[in-house]
Amino acid sequence: NAGVTQTPKFRVLKTGQSMTLLCAQDMNHEYMYWYRQDPGMGLRLIHYSVGEGTTAKGEVPDGYNVSRLKKQNFLLGLESAAPSQTSVYFCASSYSAGGTFSYNEQFFGPGTRLTVL
Amino acid sequence: GQQLNQSPQSMFIQEGEDVSMNCTSSSIFNTWLWYKQDPGEGPVLLIALYKAGELTSNGRLTAQFGITRKDSFLNISASIPSDVGIYFCAAPKTGTASKLTFGTGTRLQVTL
Chain D
1 NAGVTQTPKF RVLKTGQSMT LLCAQDMNHE YMYWYRQDPG MGLRLIHYSV GEGTTAKGEV
61 PDGYNVSRLK KQNFLLGLES AAPSQTSVYF CASSYSAGGT FSYNEQFFGP GTRLTVL
Chain V
1001 GQQLNQSPQS MFIQEGEDVS MNCTSSSIFN TWLWYKQDPG EGPVLLIALY KAGELTSNGR
1061 LTAQFGITRK DSFLNISASI PSDVGIYFCA APKTGTASKL TFGTGTRLQV TL
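Each protein sequence line maps, in turn, to chains D and V.
Counted from 1, the first sequence has number 7 at position 7 by the working numbering; the numbering is strictly sequential.
Plus 1000 on top of the position in the second sequence (first one is 1) and you've got the working numbering.
This is chain V alone, in the form it adopts within the complex (with noise of 0.2 Å):
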């Protein structure tokens, strides 16, 4: 169905790194949103992505929409300590443009 799911889980990596992780689906989507939740804190959208093939940055991080529009890739790069934090997709569930579903998040721990 509209299940997003997101791998990995969770990792571990060292400060300076680079870190790829990806959001899939049985579904295509129109849209592809990208979000951040800091401990304790609300999510904060880093990006959107709204073309098949698109490729948008901000700052360290790079988003790119999967030409299938079943899929979601996120790279970050250099990584910082405050890079830590859950990393959600989301995408817009069909027939309605107000309701997301999100995956189950990557949780990115980053050692110094």
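Just chain D, same shape as in the assembly (with noise of 0.2 Å):
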């Protein structure tokens, strides 16, 4: 199994354009989240997802979009981008019916790493 993937791993975009970003679990779990970490403010959660089709903001949303439109994948777009997202955004996991693990236990991708100039 691969786990939790996210691409692209790095990213330079110029102030005003958009991107999505993919995530993508092949553990069989309804949620998946969105973070950004920023240098001393550890992680801050963007959106997230409790099952395919369902969406709900976080802590921090503003500029940010979500979709889970496959149970599998959860896409992060921002549609203007600003400097003030330069961050590291890391996508997580977690939960599946039977499984072993609770909910609560969120398993995360390696990350990708945007600088909007």
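Derived from the structure by calculation, the hints contain no laboratory data.
Watch out, some of these pointers could steer you wrong.
What the hints assert, rightly or not - Result set (PhoX-like, lysine-lysine): computed pairs, CA atoms no more than 20 Å apart in a straight line:
1) V:K1093 to D:K71
2) V:K1099 to D:K57
3) V:K1099 to V:K1051
4) D:K70 to D:K57
5) V:K1093 to D:K57
6) V:K1070 to V:K1051
7) V:K1070 to V:K1099
8) V:K1051 to V:K1093
All figures in this text were calculated on a predicted structure; none of them were measured in a lab.
Each of the two chains sits in its own frame; use the hints to bring them together as a complex.
Structure, rendered in structure tokens:
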């Protein structure tokens, strides 16, 4: 199993450009999450999804949109990138019915390093 | 509120030494999680705790769920160079079982 994968690994954007980050998981998890990590600030939740076709806002959702059209994929979109969105973005997933891990035990991808100039 | 305060923020230790770090909050939690993040990688779950007073080990790592439910502790015995990284505590936000609050991390560096 690959676990949680993220593409791309690195990206540089100019202010105002748009892009989509892709997260895929092969663990049949119900829940998926997008976080951003900034120096000294830990991980902050942007958006999350508790099932295919559902999404919800986290603590820092402004400037981002998400979609969960398939259970295994969770997309994070930046419609008009700003320098304040320079960060490392992590996707995570959790909870498989009948699995051995609880819904709180989140598994993370390797991250996408985004720079907005 | 539900902020998690980790200490120390960073530490330098010599190989072979034992390490202790903690995570505290003014809020009560029913679950505590400890993650490790290697440089350039995503966080990896180390230990999950579900019961006040619980002590759980994973190899050289031991974590405890504080009796007050407002804190948790992580100990690493006989540190080795690959223990380098950032250690995060995390706990579910009150009112929802699927959203985690993360601490700001303890950065561990090991000298030979």
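Quick rundown of the hints versus the structure:
1. V:K1093 to D:K71: violated (24 Å)
2. V:K1099 to D:K57: With a Cα-Cα distance of about 11 Å, the restraint between V:K1099 and D:K57 holds, given a limit of 20 Å.
3. V:K1099 to V:K1051: Answer holds: V:K1099 to V:K1051 is near 19 Å, not above 20 Å.
4. D:K70 to D:K57: With a Cα-Cα distance of about 18 Å, the restraint between D:K70 and D:K57 holds, given a limit of 20 Å.
5. V:K1093 to D:K57: holds (14 Å)
6. V:K1070 to V:K1051: holds (12 Å)
7. V:K1070 to V:K1099: Holds. V:K1070 to V:K1099 sits at ~17 Å (cutoff 20 Å).
8. V:K1051 to V:K1093: holds (16 Å)
Violated hints amount to a single one, hint 1; each of the other numbered hints is respected by the structure.
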